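So the sequence lines, in the order shown, correspond to chains D and B.
Under the numbering used here, the residue at position 115 of the first sequence is numbered 115, and the numbers go up by one with no gaps.
Under the numbering used here, the residue at position 95 of the second sequence is numbered 95, and the numbers go up by one with no gaps.
In case anyone wonders, no lab produced these hints; they're calculated from the structure.
Do not rely on the hints blindly, as some may be mistaken.
Pairs of lysine-lysine residues, derived as DSSO-like cross-links and limited to a Cα-Cα distance of at most 27 Å, are as follows [claimed, not checked]:
1. D:Lys130 / D:Lys39
2. B:Lys96 / D:Lys55
3. D:Lys78 / B:Lys96
4. B:Lys96 / D:Lys121
All values reported here derive from a predicted model rather than from experimental measurement.
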Amino acid sequence: MQFFGGSDISPSPPAPTAPGNNAHMIYVFNRNGVCLLYKEWNRPLHTLNEQQDHKLMFGLLFSLKSLTAKMDPTSADKGNLGVPQLPGQGCSFHSFRTNTYKLSFMETPSGIKIILVTHPKTGDLRDSLKYIYNLYVEYVVKNPLYTPGAPVRCELFNTALDQYVRSIA
Amino acid sequence: MAAIYSLYIINKSGGLIFYKDYGSAGRMDTNDTLRVASLWHSMHAISQQLSPVLGCAGIELLEADNFDLHCFQSLTGTKFFVVCEPGTLHMENLLKYIYELYTDYVLKNPFYEMEMPIRCELFDINLSQAIQKDRVALLGR
Chain D
1 MQFFGGSDIS
11 PSPPAPTAPG
21 NNAHMIYVFN
31 RNGVCLLYKE
41 WNRPLHTLNE
51 QQDHKLMFGL
61 LFSLKSLTAK
71 MDPTSADKGN
81 LGVPQLPGQG
91 CSFHSFRTNT
101 YKLSFMETPS
111 GIKIILVTHP
121 KTGDLRDSLK
131 YIYNLYVEYV
141 VKNPLYTPGA
151 PVRCELFNTA
161 LDQYVRSIA
Chain B
1 MAAIYSLYII
11 NKSGGLIFYK
21 DYGSAGRMDT
31 NDTLRVASLW
41 HSMHAISQQL
51 SPVLGCAGIE
61 LLEADNFDLH
71 CFQSLTGTKF
81 FVVCEPGTLH
91 MENLLKYIYE
101 LYTDYVLKNP
111 FYEMEMPIRC
121 ELFDINLSQA
131 IQKDRVALLG
141 R
């Protein structure tokens, strides 16, 4: 997976073919589990309060990564279950689908996790997630007023993200 | 090169009742398969809590870098999941067929205790036939 392709934001990848994929919500976590960004567009059901929801989501992803690293049928030597994996170490998953939603996941080498929850018929969103990561780098990381590890409060990032997600939705 | 790497059946409490490996490079010992099965059971349940919409029944497909995991949950809570090569098709139908074999050869067996590990010879034989047929069909392409 090539992250450092060029200095400009790479051109927007083509929209997924299935129409009417309404994006439900997006989460961005850093390597310590701090939720840097949570945005929802369409979420009729809130099972837990916000803090618990973030923790549960992060915990689910952590455990799923541990599971996929252990279950990997192509590698012979694996660590034990529950051992924290470095970003990029071991087999990681990129999406899962249930009957009501599809969750697409991407982790960067620096431990930034981007999660996009959409309609179950959505196609492969890996390129879209990379584009969102590039937006994050351009508008958030390169913002001199942003402290790493703090929740994102950048107007330009929010507008660009909103515009992009609505275009693929 | 098998398209299916392994098959797991877990009971409604998350305990592993059947495990068959069809040729993965990394073979896990029994304890690890038990842990993995319980972990999957929990992940399946947690994914229902995070749904933005009502009526979530849990993870049906997990796509990873090196494998796909298809899961089928029966109405009684028994989960059948198969680890296969990325992009393998028709796994849902295979899982439904395995569920049929389970009801015929395991549940209707009067000596089988519910929720206990499956030790039914006929189930094993028919299951191997079903997987083999699938494999031959895939190799034939």
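Against the structure, the hints:
1. D:Lys130 / D:Lys39: Distance ~18 Å between Lys130 of chain D and Lys39 of chain D Cα, so the pair holds.
2. B:Lys96 / D:Lys55: 34 Å, violated
3. D:Lys78 / B:Lys96: 31 Å, violated
4. B:Lys96 / D:Lys121: Within the cut-off at roughly 21 Å; holds.
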